[in-house]
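Chains as they are written, first to last, in the numbering used here: chain V, 1 to 257; chain U, 1 to 248.
Just so you know, these hints were derived from the structure itself, not from any lab. Just so it is clear, CB atoms sit at the ideal spot from N, CA and C, and this is done for glycine as well. Don't take each hint at face value.
[As the list claims (entries may be wrong)] Some chain V residues well away from chain U (every beta-carbon gap over 12 Å; in silico):
{"id": "1", "residue": "S17"}
{"id": "2", "residue": "L134"}
{"id": "3", "residue": "L179"}
[Claimed, not checked] Here are some chain U residues pointing at chain V (derived, C-beta under 7 Å):
{"id": "4", "residue": "T79"}
{"id": "5", "residue": "F117"}
{"id": "6", "residue": "K131"}
{"id": "7", "residue": "L133"}
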Amino acid sequence: MSLVQELYHYREFLKTSIRKEFRGKYKKSFLGVLWSFINPLLQLLVYALVFPFIMRVKVENYTMFLIVALIPWTFFNSTVCQSTSTIIASSGIIKKVYFPRAILPISNVTSNFINFLISCIIIIIALFISGMGLGASIIYLPIVMFLQYVFSLAISFILSSVTVYIRDLEYFVNVLMMLWFYLTPIVYEVSMIPEKFRMILNLNPMVHIITAYRDILYYQKAPDLKAIGILFVICFILLFVGYHIFHKCEKRFAEEL
Amino acid sequence: MKKQSNNKLAIKVSHVTKNFNVYYDKANTLKERMIFFNRNQKEVRKVLNDINLEISKGETVALIGVNGSGKSTLLKLMTKIIYPNSGNIKIHGKLTSLLELGAGFHPDFSGRENIYFNASIFGLTKAQIDKRLDDIIAFSELGDYIDNPIRTYSSGMYMRLAFAVAINVDADILLIDEVLAVGDQHFQEKCLNKMKELKKEGKTMVFVSHSMDAVKFLCDRAIWLYEGQIREDGSTEKVVSDYLKVCS
Chain V
1 MSLVQELYHY
11 REFLKTSIRK
21 EFRGKYKKSF
31 LGVLWSFINP
41 LLQLLVYALV
51 FPFIMRVKVE
61 NYTMFLIVAL
71 IPWTFFNSTV
81 CQSTSTIIAS
91 SGIIKKVYFP
101 RAILPISNVT
111 SNFINFLISC
121 IIIIIALFIS
131 GMGLGASIIY
141 LPIVMFLQYV
151 FSLAISFILS
161 SVTVYIRDLE
171 YFVNVLMMLW
181 FYLTPIVYEV
191 SMIPEKFRMI
201 LNLNPMVHII
211 TAYRDILYYQ
221 KAPDLKAIGI
231 LFVICFILLF
241 VGYHIFHKCE
251 KRFAEEL
Chain U
1 MKKQSNNKLA
11 IKVSHVTKNF
21 NVYYDKANTL
31 KERMIFFNRN
41 QKEVRKVLND
51 INLEISKGET
61 VALIGVNGSG
71 KSTLLKLMTK
81 IIYPNSGNIK
91 IHGKLTSLLE
101 LGAGFHPDFS
111 GRENIYFNAS
121 IFGLTKAQID
131 KRLDDIIAFS
141 ELGDYIDNPI
151 RTYSSGMYMR
161 LAFAVAINVD
171 ADILLIDEVL
181 AVGDQHFQEK
191 CLNKMKELKK
201 EGKTMVFVSH
211 SMDAVKFLCD
221 RAIWLYEGQI
231 REDGSTEKVV
241 SDYLKVCS
């Protein structure tokens with residue numbers, strides 16, 4: 001509870017650090033914030049060419065099938081990959097002043113989330129261009145986004161603090177995220193996986209998050225509410241555990257950095 | 001009743017011990033940890049040993065002692081940048097530390113924007129910063145330079161801006177660590193006078209310095225730290241003269 005109070009007290013710092021992270025990312029680049037569009041679009045182009053034409057995946061309107069999953073994944077991927085360096089990159093201020101350290105992972109996730117919201121414009125434009133439009137199922141979208149935010153924050157808490165002690169994590173996470181990408185139904189769908197492996201696949205929370213996005217935006221139907229319910233509980237347990245790990249680690253940040 | 005007695009105390013340090021691990025050759029990565037498991041030898045150095053200290057509201061206290069006696073460590077413990085191995089520290093009131101100036105300054109942004117970054121780290125809201133902005137700019141004496149990016153500043157200008165923000169944060173308790181070492185004579189005097197003013201307003205201050213003139217000018221009480229323990233605690237006059245006797 002005291003964390004919430006402290007975060008409220010330091011709200012201006014939270015705001016400026018989100019803004020700084022968001023603006024700072026593209027400050028030196030020629031195209032600026034446009035990169036948050038171009039990046040996922042180029043990635044999309046690669047996958048949309050590779051899978052239907054080279055791997056011969058047979059899905060109707062594959063580009064749309066891909067886009068509704070790939071853009072949420074990009075948000076998750078960039079959050080997690082950046083989370084390993086959030087604390088280390090701020091070692092200067094951590095050693096100099098006191099502030100609630102939790103602000104750093106929170107602003108990492110939030111600035112990426114804002115980026116994600118901007119990229120959602122691409123999804124919506126694409127949905128209208130392809131003639132699919134938006135269904136009533138869109139009302140479930142904020143819930144799924146919120147769950148993904150909570151899940152990313154939990155992971156970010158754990159990775160940002162543990163990396164301070166074990167620096168290898170940064171490289172390990174990069175490889176792991178590549179594996180995680182293929183363990184999540186982004187370029188394929190759960191139904192394409194043999195029955196016996198599905199149980200294992202279901203243990204991955206991202207499977208359910210991505211499937212929910214696809215249900216809502218591509219199939220335009222309500223997502224599996226039971227899965228969403230379980231996900232809700234798991235995400236909050238993870239957030240709780242993640243914050244406690246972070247809290248345990250944060251006391252020695254200034255000495256370890 | 002209990003609350004009453006707390007009201008007079010600003011800082012209470014009880015039985016605080018702090019160890020630093022000094023690694024001979026630190027293994028930071030997993031590979032190093034596995035291959036050179038014997039490399040991670042460390043020496044535990046006791047920096048502070050069972051410190052007990054009470055500072056009342058409105059007091060101005062100097063911490064003096066030779067390098068490595070634990071003064072800065074004690075200040076860092078008070079701001080919660082680091083935590084003690086045992087014992088605890090209670091703070092009553094809003095605390096700001098001027099341990100190092102210019103935390104969170106970003107070289108590509110203007111002086112004005114950096115005032116916002118820096119002050120927000122100290123926990124100020126936008127409205128509070130807006131209200132102090134003119135005071136801060138006036139104190140820094142930067143004039144029109146305030147809208148130039150910080151990377152174009154000289155080190156003196158940088159320092160003045162940083163100090164101007166920190167001193168205007170409006171805390172109840174100020175921890176100041178050797179920040180006056182930079183800046184010209186004029187600005188140093190200005191800072192000292194500003195601190196004297198704050199003292200009159202009833203702020204609590206803990207001041208680390210090697211400048212005995214500044215200590216005598218500002219503080220009523222001095223604490224002499226020696227090898228992690230309090231060697232003497234009393235009026236500035238007496239502690240400083242005892243300290244100087246040993247030093248020379």
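- Would you list, in rising numerical order, the hints stated earlier that this structure does not obey? Structure breaks hints 1, 6 and 7.
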